[in-house]
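*Asks:* Chains as they are written, first to last, in the working numbering: chain A, 96 to 268; chain B, 96 to 268.
Calculated from the structure, these hints are not laboratory results. Quick reminder that beta carbons are idealized off the backbone N, C-alpha and C, glycines included. It is possible that part of the hints are untrue.
[Stated by the list, open to error] Computed footprint of chain A on chain B, listed as stretches where at least three residues anywhere in the stretch have a Cβ under 8 angstroms from a Cβ of chain A:
#1 149-159
#2 169-183
#3 218-229
Number of protein chains: 2
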Amino acid sequence: MTAVAWAGTQSVLLKRCARPLAKLYFEDFQPGHTAEYGPRVVTREEIIAFAAQYDPQPMHLDEAAGQKSLLGGLGASGWHSCGIMMRMICDGFILNSSSMGAGGVEEVNWLRPVRPGDSLTLRTTILDKRTSKSRPDMGIVRIRYEMMNAHGECVMTMVTPAMFGRRHPGAPS
Amino acid sequence: MTAVAWAGTQSVLLKRCARPLAKLYFEDFQPGHTAEYGPRVVTREEIIAFAAQYDPQPMHLDEAAGQKSLLGGLGASGWHSCGIMMRMICDGFILNSSSMGAGGVEEVNWLRPVRPGDSLTLRTTILDKRTSKSRPDMGIVRIRYEMMNAHGECVMTMVTPAMFGRRHPGAPS
Numbered sequence: 096m097t098a099v100a101w102a103g104t105q106s107v108l109l110k111r112c113a114r115p116l117a118k119l120y121f122e123d124f125q126p127g128h129t130a131e132y133g134p135r136v137v138t139r140e141e142i143i144a145f146a147a148q149y150d151p152q153p154m155h156l157d158e159a160a161g162q163k164s165l166l167g168g169l170g171a172s173g174w175h176s177c178g179i180m181m182r183m184i185c186d187g188f189i190l191n192s193s194s195m196g197a198g199g200v201e202e203v204n205w206l207r208p209v210r211p212g213d214s215l216t217l218r219t220t221i222l223d224k225r226t227s228k229s230r231p232d233m234g235i236v237r238i239r240y241e242m243m244n245a246h247g248e249c250v251m252t253m254v255t256p257a258m259f260g261r262r263h264p265g266a267p268s
Numbered sequence: 096m097t098a099v100a101w102a103g104t105q106s107v108l109l110k111r112c113a114r115p116l117a118k119l120y121f122e123d124f125q126p127g128h129t130a131e132y133g134p135r136v137v138t139r140e141e142i143i144a145f146a147a148q149y150d151p152q153p154m155h156l157d158e159a160a161g162q163k164s165l166l167g168g169l170g171a172s173g174w175h176s177c178g179i180m181m182r183m184i185c186d187g188f189i190l191n192s193s194s195m196g197a198g199g200v201e202e203v204n205w206l207r208p209v210r211p212g213d214s215l216t217l218r219t220t221i222l223d224k225r226t227s228k229s230r231p232d233m234g235i236v237r238i239r240y241e242m243m244n245a246h247g248e249c250v251m252t253m254v255t256p257a258m259f260g261r262r263h264p265g266a267p268s
């Protein structure tokens, strides 16, 4: 995995737009809105490298062990899938936003194995949003993420409440 | 991070016991039971390396940017904390068990920043368990995880339903 491989989504969008995308604030997220990012190809080498460091269960390290497991073959650690998704989220819109982070994740579902060579796309859906009572400069946007493989199968979903800065702190929401 | 650094918990336990720990099956998890694993020291280098690959938001890469953020200083990506926790879980008991993986995570809460030099310990609590109706060789154990720093502060919690093989498939539970 290289910086070049990761440059993907946003650089393509930037070229299309011929000028930088406007920075996203809390006000710009509209409930019901969806977007897609990617694709991003996963390699055998990175699946094994991640697993060796963070989740060295045999089915994430070895093809034969994977075949004997519920994964039915070598498959990425679910936490690696989360990392891949987070990178797609960063490159997709977070790095061009007023993101202030997230206090957690409401749910993660690993629905199908992520395999070497899989080409993944990310779909985002804005669920709802609210301003913060304690911090007038901040709002919380709940976002649903779905990661799909090239067969159109959903491999993973996640829902997270993300904190974003407001363009107009304290204004009526 | 090296294999030596990770050998930690279990090798100490093995020496104490003077024989390998018995492999853990579904039957061995008792609701209410707690255990502790670690410690595991987090380095600045791995915080930055993980963020550069999976979550390149400025507060995970740079001290000055971290100070301007809600983290109040350089802090690990929440997904890095998840990876560190997963490795502690693997070394703590999963690699010595009949683990069949997990279909997801019920919740993740990132409560406090994980800093360079933090020494983390992991506490597990068995919440409940049930046998699988569709797979008599499997049971699901819901486990709550809490990761603490050296100040005794909880930096992260997670609840996950984990699948384990049964020592006696199909036996009355």
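*Asks:* Against this structure, judge whether each hint is valid.
*Replies:* Outcome of the hint check:
1. 149-159: Since 5 is at least three, the answer is holds.
2. 169-183: holds (count 8)
3. 218-229: violated (count 0)
Checked against the numbered hints given earlier, this structure breaks only hint 3.
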